[in-house]
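If you want the building blocks of each chain, they are given just below.
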Amino acid sequence: MDLGQLTQIGDYAWRIDAHGAMRVPVVLYGDRDLISAMDDKVFKQAVNVTTLPGIVEACYTMPDAHWGYGFPIGGVAAFDVDRGGVVSAGGVGFDISCGVRTLHTGLSRSQIESVKSELADALYRDIPVGVGSTGRIELDDDGMDAMLTGGAQWAVAQGYGRDADLHRIEEHGCMQDADPAAVSRRAKQRQRREMGTLGSGNHYLEIQEVVEIFDVETAKVFGLAVGDVVISIHCGSRGLGHQIGTEFLRDMVTSAEHFGIDLPDPELACAPIQSSLGQRYLAAMRCGINCALANRQIIMHLTQRVFGRLFTDAELPLLYDVSHNTCKVERHRLNGRDTALYVHRKGATRAFGPGHPDLPEAFSAVGQPVLIGGSMGTASYVLAGNSGGAELSFSSACHGAGRGMSRHQARRRWSGRQVTDDLAKQHIVVRSPSMRGVAEEAPGAYKDVHAVVDATHNAGLARKIAKLRPLVCIKG
Amino acid sequence: MVGEETANLERDSSGRRAGAYYEHYAHDADIGVRGIGDSLESAFAQAAVALTAVVCAPEKVTPAQSVQVVCDAPNRELLLVDWLNTVVFEMATRCMLFSRFDIAIRRNALSAVLWGESTDRSKHQPVVEVKGATYTDLRVQRDDQGRWVAQCIVDV
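In the order they appear, the protein sequences are chains C and P. The first sequence maps to residues 24 to 499 in the working numbering. The second sequence maps to residues 232 to 387 in the working numbering.
Warning: the hint list may mix true and false statements.
Covered stretches of chain P, going by a simulated chain C footprint (3 or more residues, C-beta under 8 Å) [what the hints assert, rightly or not]:
no. : segment
1   : 257 to 271
2   : 321 to 328
3   : 354 to 362
Keep in mind the hints are simulated off the structure, nothing from the lab. All of these numbers come straight from a predicted model, not from anything done at the bench. Don't be surprised by glycine CBs; every beta carbon is placed ideally from N, CA and C.
If we strip away everything but chain C, and leave its shape as in the complex, we get (with noise of 0.2 Å):
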C-alpha cells in the first residue's frame, strides 16, 4: 500500500480521509512495514466498507489485514440501527465465530516431551480432522435446534465439559436471540454429522509451550508462566456456518436494489438491520455462534479425555474463548452517548479492556485475553484487552498472522513432507490426513506473526502477555 495515500496519525495509526461516497474515514493500524506490505485491495475494501449505510465513527483494520471476501480479513466495522444501519454477511464471513480457544494442562514442557508423539497420535485419532471426517454425535430435529440456542451450554449439559467453563468464553457460552427457524433445513442438514470435528484449511489443534512472558501480572491473572502447556483449539461453525452464509450473502445481493443500497463489491451484500432479512440473518447468525462454541466445546472435551488417558491429574480447565468472525450489539460512546452498535468483527478479535461489564470476574481487572493464532512453525500470542481500545477500534485487536501467499504458490514452493522435516527439526511434531495440506500451510505462507502482534500492542488496541510456542500440531 502507498503511504503516500494515507495520513498518519500515530505511530501506528493511518488514516484514509472520507471522499467521495465515504461516509466515514478508514483508520489502519500498523507499522509503516505492515502497511507498506499491506495489499492495495485492502485500501480498496475498507474504503468500500465506508459508503454502507449507517456506518460510525470508521471501518478500522488491524495489522494482520488482508484481503477478504467485500470486507477486508482483520476489518471491523460499527452500525448504528438510528441511521438506517445494515447487517452483513460479508462483514461477517463464511466461517461464522471461528475463533481460538485455549486451555491449560497444568502440566510443564519437561512431562509432555517424553509422550509427544503417543499425545499427537491420540488427538489425531480422537478427534475428527479433515475432509470426510464426521464427528460421533449425530444430532436429529429436536438435538439440533437445541444445539444452536444453547451453544457451549448446551454442550455441557450433553457432559462435554463442566459449568466452570462456561464463565471463560464469550457470552457465557450462548448467544443470546439466536433463532433455528431461520437456518435453513440445509444449513441443519449440512451440520448433521459435522459437531465435534475440526475442520481442514486453516484449523488446527496445538499443544504449546509458553516462552515468553510479557506482563507478569496479568500473566499470572491468567495462570499463565514460562514452560507451562497450553492447548489451543481454533475452529469454527463448520458445515452450517458456511451453509449459512452462502445462502444469506445470496439472498443480500439479490436484495439490494430492493433495499436502495449500491453495492460497491457483491461481496459486501447486506440488509438493513431492522429489515426482516436483516433479523434473520442475525438469527442465524447468531446460531453459527452457538454452533462454533459447542463444537470447540466438544473438541475441548475430546482432548481432556486423551490427556486423562495419559496423565490421571490433568484437568486441563479453559483459560478462554474468542471468535473472530462475527457481528454482535455492544454498547460503545458515540458522541458522548452510549450507543448500541451492531459491530461487524471479520477477522478481529474482541479485546474488551479492564472493567468491561460482558468480562468474568476473574479478569475484569485486566481486560480480556485475546488469544491470537499463528502459523505451525511460528509462535501463537495470548494478549489483554486495554481500557482505551474501545475508542480506538470498538475495543478490537488482530486474530492471527494472516496469508502472505496463496495456497497455489505455497504448494509450488514446499512439499508436506519437506515441511514436517523441517518442523521436526524444531523439534514439533505434526499429523495431518494431507501433506498437500501441510504444504499449503507452510509457516512461510504467512506473515510475521511477531510484528503483527508487536503492532497490535504498540497500538495499544491489546497488550502483550505471553508467547506460545507450537510443540505438536494437529492440522486440518
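Position chain P against the provided structure of chain C, taking the given hints into account.
Below, chain P alone, put in the same frame as chain C:
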C-alpha cells in the same frame, strides 16, 4: 495448475485448444476455478471438475454413483455460484466426491447428474474442504474464440 480432460486435447485448425478443460488460478488466500468449453453446459461441468480438483485429483474419483440436482437463478453468473454451491453441499452432506457432471441448462435453470463415489481418505487423499463458491471474480461469458468461460473464486 491446469487440468484437462484426457480426451480432446488436440488443437483445431485455428490452433486453439479443442474440447473442454478446467484451470485453477491463484487468488490471495484462496483459489480460482475456471471451466472452459464450447457450450455453457461444458464450461459449468468443467468448473465443477475444477472444484473437485481443489479437494483432490479428479482422476482418482470413480464415477460409480449418481446424484441428481437442480438449481435456478436470476442470471448466468448467479447460476454458476448456485451450481458450485450445490456441488459443495452434496459433497459435504453425502461425504462424496464427484468427477463427472452431466448438465442441462434452460433459461438459467440447471439440472444435473453428479457422478462420483464416497470419500475414501486413503484413495482420494483429500486436501481441504471448500466452504463455498463466491461472487469474487465471477464471470460467465464467451471468450474471443467463442468458447464459454465460467469462473469464480472458491473459499477454502
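Structure-based check of all given hints:
Restraint check on the segment 257 to 271 of chain P versus chain C: 6 residues with Cβ-Cβ distances below 8 Å, three needed, restraint holds. Under a criterion of three residues with beta carbons nearer than 8 Å to beta carbons of chain C, the stated coverage of the segment 321 to 328 of chain P is upheld, 3 such residues being counted. Counting residues of the segment 354 to 362 of chain P whose CB lies closer than 8 Å to any CB of chain C gives 6, which reaches the minimum of 3, so the coverage claim holds.
The structure agrees with every numbered hint stated previously.
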